[in-house]
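Undergrad: Residue numbers (the working numbering), protein chains in the order written: chain W, 1 to 221; chain P, 1 to 241.
Source of the hints: derived by calculation from the structure; they are not laboratory data.
One or more hints might be untrue.
What the hints assert, rightly or not - Here are a few chain W residues that face chain P, going by a calculated C-beta distance under 8 Å: (1) R2; (2) L14; (3) L16; (4) V155; (5) G159; (6) L161; (7) I175; (8) F176; (9) R179; (10) L183; (11) G198; (12) I200; (13) V202; (14) G206; (15) A211; (16) L220.
Ideal Cβ placement from N, Cα and C applies to all residues, glycine included.
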Amino acid sequence: MRPALALLLRDLRLALRAGGGAGLGLAFFLTCVLLMPLGIGPDLAMLSRIAPGLLWVAALLAALLSLDRLFQADLEDGTLEVLAVSALPLEAVAAVKALAHWLTTGLPLVLAAPVLGLTLGLPAQAQPWLVASLAAGTPALSFIGAVGAGLTVGVRRGGLLLSVMVLPLYLPSLIFGARTVALAAQELDPARAFLLLGAITVLSLGIGPFAAAAALRINLR
Amino acid sequence: MSLWEFANPARFMRISGAALPWVAGLAAVILPAGLAWGFFLTPDDYRQGSTVKIIFVHVPAAMMAINIYGMIVVASLIWLIRRHHVSALAARAAAPIGATMTVIALLTGALWGQPMWGTAWAWDPRLTSFFILFLFYVGYIALWAAIEDPDKAADLTSVLAMVGSVFAVLSRYAVNFWSQGLHQGATLSIDRDQNIDPVFWLPLLACIAGFFLLFLALLLVGTRTEIRARRARALQLAMAG
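One chain only, chain W, in its complex shape:
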């Protein structure tokens, strides 16, 4: 447990102290959401109708933003090779790094979402569901993203490739996440969509670390 905790703290510190980490994902999310009313117009009735999808799409893009550096910096300076021969199995390394990614990009979005929901005129009864759906859904984005990051770690400027590969994998989470909020906004029962969203997150937590570790092993060969 202790090596895992040490790695988690190291990644969090790096994200917080080395520039371009945690805060930027949130800033990108805010900018994304700001762009929409500016592009579409300030009609609050229309904005409140598209708010669930809009917030979820923005969350997807924000999660993508820092993915390509998830393993790449560690591969370049050799840290990844040290981690690969450490006491911690590579699967656990991948899981810890995905968790650190979620804590620095996913969690801030969950906390900021209610404010943005308010500015977009999301109905009050949908607000708790917005927070719940992002809290339950965004971990999947980090854990699926870790697979894509592992696959493209050796590719120079793999950011675009990573997006093309990973975004299709995000679609089920997007559908159920945005549906949860939209159903709640229409005063319908969002429980079914929410449970399916959670199921996909659990699946991703299970598959992600193993697939990411397999990809990292191939790249370290």
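Given chain W, put chain P in place with the hints provided.
TA: Just chain P now, with coordinates in the frame of chain W:
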């Protein structure tokens, strides 16, 4: 003698070289015959007119699009478990064919949908999942293209195909949840008593067989090309070193 001995590239080249003219020849006979049968020798639908005949291209292409993805997953699994190079190269050769089949299914669907549904595109679950399937093909092909070392590329694309297959199936059912369908149900099913009239499904079956043979011929050509490219690369490296 086991099945795996066919995975030897030299043996594969010999057998596929002998089989290719036959497969390509059969495809060249059956596909045009099936299409001609479907287009000219079947009656028009009483409401849809002659537009109904697009199913003779649309349905086989859509079937191939889905099944080729399945083939890639199986071939990737065989590569990961048994390390047969032919398997990985067949998966690589199959991907562009599958992507093309997906585009053909989407285009023919749009051509039929414009007069019949009044719209070339609707955000219907089936249409959307084909769009998604196309994106899966694109990601897979892009990863192959991005990595230089052939064995590493084969390994990484195999991992992507494994993970992708799980999420492709999930997306298929998620889009059902997301939107109500405009597309009709399956035209042919093995487990149903009543399918469409034999007047239509016999030529449809011929077209499906034709599309399959065409895929097989293209796959053999593609795989043989990949093997030759690999040999040329090895020779170049040997000469340089």
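Undergrad: Does each hint hold? Answer for all of them.
TA: Here is how each hint holds up against the structure:
no., hint, verdict
1, R2, "violated, 30 Å"
2, L14, "violated, 26 Å"
3, L16, "violated, 30 Å"
4, V155, "holds, 5 Å"
5, G159, "violated, 12 Å"
6, L161, "holds, 5 Å"
7, I175, "holds, 4 Å"
8, F176, "holds, 6 Å"
9, R179, "holds, 7 Å"
10, L183, "violated, 11 Å"
11, G198, "violated, 13 Å"
12, I200, "holds, 7 Å"
13, V202, "violated, 12 Å"
14, G206, "violated, 10 Å"
15, A211, "holds, 5 Å"
16, L220, "violated, 10 Å"
Of the hints listed earlier, those the structure fails to meet are numbers 1, 2, 3, 5, 10, 11, 13, 14, 16, in rising order.
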